Amino acid sequence: MDKQAKIELGVGVLVVLAAAALFMLAMKVSNFAAVAQDRPTYTLKAHFDNIGGLKVRAPVKLSGVVIGRVSSIGIDRSNYRALVTMKIDRAYELPTDTSASILTSGLLGDQYIGLEPGGDDEMLADGDEIELTQSALVLEDLIGQFLVKMSDSKGDDK
Amino acid sequence: MIRMLRAIGRWGLSRLRAAGRAGLFLFGLLPALAYPFWRIRLLLKQVYNTGTLSLPIILTAGLFVGMVLGLQGYNVLVDYNSEEAVGTMTALSLLRELGPVVTALLFVGRAGSALTAEIGLMRSTEQLSALEMMAVDPVRFIFAPRFVAVVLVVPLLALIFTALGILGGYLVAVGWLGVDDGAFWSQMTAHVDWQDDVVNGVIKSVVFAVWVAVVALFQGEEAPPTSEGVSYATTRTVVQGSLGVLALDFVLTALMFN
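Quick note, the sequences are listed as chains H and B, same order.
So the first sequence is numbered by the numbering used here: it starts at 72 and just counts up by one.
So the second sequence is numbered by the numbering used here: it starts at 145 and just counts up by one.
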């Protein structure tokens with residue numbers, strides 16, 4: 072094998088390895104595959120009293136299956152409640168009396184929006200709002216309530 | 145006292161002049177950068193010298209860094225019953241920091257120093273002047289192919305390093321320590337973002353490549369034409385190249401991940 076052929080072979084090995092590495096990083100390691108197949112979505116809105124630690128791009132789940140993502144989080148100026156907009160896969164239609172609650176995956180996991188479909192015949196359309204919402208559980212509030220209940224029940228005993 | 149101040153001043157001025165010369169050097173290089181693509185053989189030879197010959201060290205280092213990350217990550221995470229997250233941890237630390245940085249550091253030692261020594265010796269044996277005598281522009285013929293090769297090769301090596309590191313972490317975590325196979329990969333896909341993590345890592349390593357290429361070529365060009373001068377220049381390439389990569393990494397991390 073002459074020198075030029077050896078050089079070309081060596082460069083070829085380098086390029087092929089790098090391409091394989093890039094392919095693995097795209098398909099197996101990162102979310103490139105999910106981003107690439109952008110499926111058509113529609114937008115839903117929901118007001119929450121407290122969103123806890125919800126972040127943009129957090130998953131929206133129906134019975135545990137991811138059907139959409141949170142696209143933006145803001146404050147509604149008119150009533151000072153948190154306004155969450157989410158993009159839902161067009162394949163999934165939801166009844167108008169669907170309720171949304173902010174849940175936590177596991178004890179220390181990320182927060183997500185869990186949807187609970189109702190029984191209505193009408194379906195939510197693009198830009199509609201989910202009226203029934205439940206805020207995130209804030210641990211401090213929970214402990215506060217617990218303490219109040221404890222002191223109440225002690226008072227009853229006397 | 146005055147003499148000391150004078151020495152400090154002289155030192156500062158000479159540093160500043162060197163920085164200026166390096167800037168001019170890079171500026172002079174820019175118009176010639178398209179040339180290596182017309183003379184593809186020159187470019188291929190440099191890609192082979194700097195890239196393919198660096199593969200063994202990159203492959204071994206990547207594998208072992210990934211294995212160590214897997215082992216350390218497992219030891220910490222197992223206390224919180226979340227040892228599946230070891231894949232996410234390995235992938236994120238490799239993609240964002242270790243892949244680009246360690247590759248650039250290894251590259252400075254393996255190929256940057258060789259470039260400096262090569263060009264320093266070309267200058268001291270007056271090969272560069274000889275080329276000019278033959279009306280061959282050394283900037284287009286010697287410097288541009290090396291610069292382009294380094295900038296192309298370092299990101300490729302960083303990708304290979306990262307992928308192999310993740311495989312190393314996989315070997316240790318799944319093969320040896322018994323982390324669940326499916327959870328290892330699915331947690332990783334859930335937390336690693338293509339744009340934020342993979343693309344930003346590649347951008348980092350392109351920036352490091354430009355820095356390393358400028359330092360290595362400029363030190364070779366500047367080297368006094370003695371054997372001692374060439375050896376000092378090689379040392380300076382490794383020191384300035386490595387420190388620059390670390391400093392740039394801090395700046396880029398602050399810009400990208402905040």
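These aren't lab readings, by the way, just hints derived from the structure by calculation.
No experiment lies behind these values; they were computed from the predicted model shown.
Beta carbons are placed, not taken as given, at the ideal position from N, Cα and C, and that holds for glycine.
Treat the hints with caution; some may be incorrect.
For lysine-lysine, the following PhoX-like pairs were computed, each having C-alpha atoms within a straight-line distance of at most 20 Å [stated by the list, open to error]:
1) H:LYS116 - H:LYS158
2) H:LYS74 - H:LYS99
3) H:LYS116 - H:LYS126
4) H:LYS74 - B:LYS189
5) B:LYS189 - H:LYS99
6) H:LYS158 - H:LYS126
Stretch by stretch, here's where chain B covers chain H in the computed footprint (C-beta under 8 Å, at least three residues) [to be verified]:
7) 89–102
8) 169–175
Covered stretches of chain B (chain H as the covering partner; in silico rule of three or more C-beta atoms under 8 Å from a C-beta of chain H) [as the list claims (entries may be wrong)]:
9) 169–181
10) 264–274
11) 303–316
12) 336–344
Going down the list of hints, with the structure as the test:
1. For a cut-off of 20 Å, the pair hint linking LYS116 (chain H) to LYS158 (chain H) stands: about 9 Å separates their Cα positions.
2. This hinted pair does not check out: LYS74 (chain H) and LYS99 (chain H) have alpha carbons roughly 37 Å apart, beyond 20 Å.
3. Annotation: proposed proximity of LYS116 (chain H) to LYS126 (chain H) holds, straight-line Cα distance about 15 Å (limit 20 Å).
4. For the suggested pair LYS74 (chain H) and LYS189 (chain B), the alpha carbons sit about 10 Å apart, so the restraint of at most 20 Å is met.
5. A threshold of 20 Å between alpha carbons decides the hint, and for LYS189 (chain B) with LYS99 (chain H) the separation of about 33 Å lies outside it, so the pair is violated.
6. The suggested pairing of LYS158 (chain H) with LYS126 (chain H) holds, with an alpha-carbon distance near 14 Å, which does not exceed 20 Å.
7. With 11 residues having a beta carbon nearer than 8 Å to a beta carbon of chain B, the stretch 89–102 of chain H meets the requirement of three or more and the stated coverage holds.
8. Counting residues of the stretch 169–175 of chain H whose CB falls under 8 Å from any CB of chain B gives 0; the rule of at least 3 is not met.
9. Check result for the stretch 169–181 of chain B against chain H: violated, 0 residues qualifying (beta carbon to beta carbon below 8 Å, three or more required).
10. Remark: the stretch 264–274 of chain B is not confirmed as covered by chain H, as 0 of its residues place a Cβ nearer than 8 Å to a Cβ of that chain, below the required three.
11. Counting residues of the stretch 303–316 of chain B whose beta carbon lies closer than 8 Å to any beta carbon of chain H gives 6, which reaches the threshold of three, so the coverage claim holds.
12. Figure legend: the stretch 336–344 of chain B, annotated as covered by chain H; annotation consistent (6 residues with Cβ-Cβ distances under 8 Å, at least 3 required).
When the structure is compared with the earlier hints, violations turn up for hints 2, 5, 8, 9 and 10 and for no others.
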